[in-house]
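Chains A and B supply the protein sequences, listed in that same order.
Residue 190 in this note's numbering sits at position 5 of the first sequence; the count goes up by one each step and never skips.
Residue 64 in this note's numbering sits at position 52 of the second sequence; the count goes up by one each step and never skips.
Hint data in this document are derived by calculation from the structure and do not stem from the laboratory.
A few of these clues could be false.
Straight-line Cα separation of at most 30 Å, DSS-like style, residue types lysine-lysine; simulated pairs [claimed, not checked]:
1. Lys90/B - Lys222/A
2. Lys253/A - Lys241/A
3. Lys69/B - Lys256/A
4. Lys241/A - Lys26/B
5. Lys289/A - Lys241/A
6. Lys190/A - Lys296/A
7. Lys289/A - Lys23/B
8. Lys296/A - Lys90/B
9. Lys289/A - Lys69/B
10. Lys296/A - Lys222/A
11. Lys292/A - Lys23/B
12. Lys222/A - Lys69/B
13. Lys241/A - Lys292/A
14. Lys289/A - Lys222/A
15. Lys69/B - Lys90/B
16. Lys69/B - Lys26/B
17. Lys292/A - Lys256/A
18. Lys190/A - Lys256/A
19. Lys256/A - Lys239/A
20. Lys289/A - Lys190/A
21. Lys222/A - Lys23/B
22. Lys69/B - Lys190/A
23. Lys23/B - Lys90/B
24. Lys190/A - Lys241/A
25. Lys253/A - Lys289/A
26. Lys239/A - Lys253/A
Among the chain A residues that face chain B by a calculated CB cut under 10 Å, a handful are [as the list claims (entries may be wrong)]:
27. Gln191
28. Pro194
29. Pro267
30. Cys275
31. Phe287
Even glycine gets a Cβ: it sits at the ideal position worked out from N, Cα and C.
Now for the letters of each chain:
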Amino acid sequence: DQQVKQNSPSLSVQEGRISILNCDYTNSMFDYFLWYKKYPAEGPTFLISISSIKDKNEDGRFTVFLNKSAKHLSLHIVPSQPGDSAVYFCLSDGGSQGNLIFGKGTKLSVKP
Amino acid sequence: GAGVSQSPRYKVAKRGQDVALRCDPISGHVSLFWYQQALGQGPEFLTYFQNEAQLDKSGLPSDRFFAERPEGSVSTLKIQRTQQEDSAVYLCASSLIQGKRGGRRTEAFFGQGTRLTVV
């Protein structure tokens, strides 16, 4: 049973448009979330995070929104660029020792 | 190097063979995590160290899996009598974080992973 769920395995977007990646979680005690990005043959790299005391965090083209009542978060990328093509993982640091719990990932393809 | 280093990058093992996967974390990082990523799946937690102490090994799938970090730096994940279902990418991550009871939240840095194929 997945505690962090990314229900869309893939997403294709045109360059310059908005990419929206979605994530749901099951445990209302989770209070910190992260997005990591992974290129083929590389390890995941940190992108952006959000604490449950906020409902939005923005960093350049990347914005993460958190809806605690719905246990849902989303990552918006505007404008999308071909170099954004990668697998995006939604994570919670909700493990008992602070370990990171991953979703299955969404593969984003940005078409030029 | 500046990042987390894992070796080997690729390992092919015959079923029943023992393997050892190495992780060199970023110098000074207290926390070290091992994850297993099967094809088409997200990484699944295996085990966690704080310095040399293994604080959580709840994710290890069987007693064939063993991890150690004897001096609080380099870690080794050992898999005995490998099976085909052990085929996966094994990711190591390190961070400054002390864990939820201790410190501030900081970013976890991942290595490139070791792709293990059991034939």
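Structure-based check of each hint:
no. : hint                : verdict
1   : Lys90/B - Lys222/A  : holds, 27 Å
2   : Lys253/A - Lys241/A : holds, 11 Å
3   : Lys69/B - Lys256/A  : holds, 28 Å
4   : Lys241/A - Lys26/B  : violated, 49 Å
5   : Lys289/A - Lys241/A : holds, 23 Å
6   : Lys190/A - Lys296/A : holds, 25 Å
7   : Lys289/A - Lys23/B  : holds, 24 Å
8   : Lys296/A - Lys90/B  : violated, 42 Å
9   : Lys289/A - Lys69/B  : holds, 21 Å
10  : Lys296/A - Lys222/A : holds, 18 Å
11  : Lys292/A - Lys23/B  : holds, 26 Å
12  : Lys222/A - Lys69/B  : holds, 26 Å
13  : Lys241/A - Lys292/A : holds, 23 Å
14  : Lys289/A - Lys222/A : holds, 12 Å
15  : Lys69/B - Lys90/B   : holds, 13 Å
16  : Lys69/B - Lys26/B   : holds, 26 Å
17  : Lys292/A - Lys256/A : holds, 22 Å
18  : Lys190/A - Lys256/A : holds, 10 Å
19  : Lys256/A - Lys239/A : holds, 13 Å
20  : Lys289/A - Lys190/A : holds, 7 Å
21  : Lys222/A - Lys23/B  : holds, 24 Å
22  : Lys69/B - Lys190/A  : holds, 23 Å
23  : Lys23/B - Lys90/B   : holds, 13 Å
24  : Lys190/A - Lys241/A : holds, 19 Å
25  : Lys253/A - Lys289/A : holds, 21 Å
26  : Lys239/A - Lys253/A : holds, 10 Å
27  : Gln191              : holds, 8 Å
28  : Pro194              : holds, 8 Å
29  : Pro267              : violated, 22 Å
30  : Cys275              : holds, 9 Å
31  : Phe287              : holds, 4 Å
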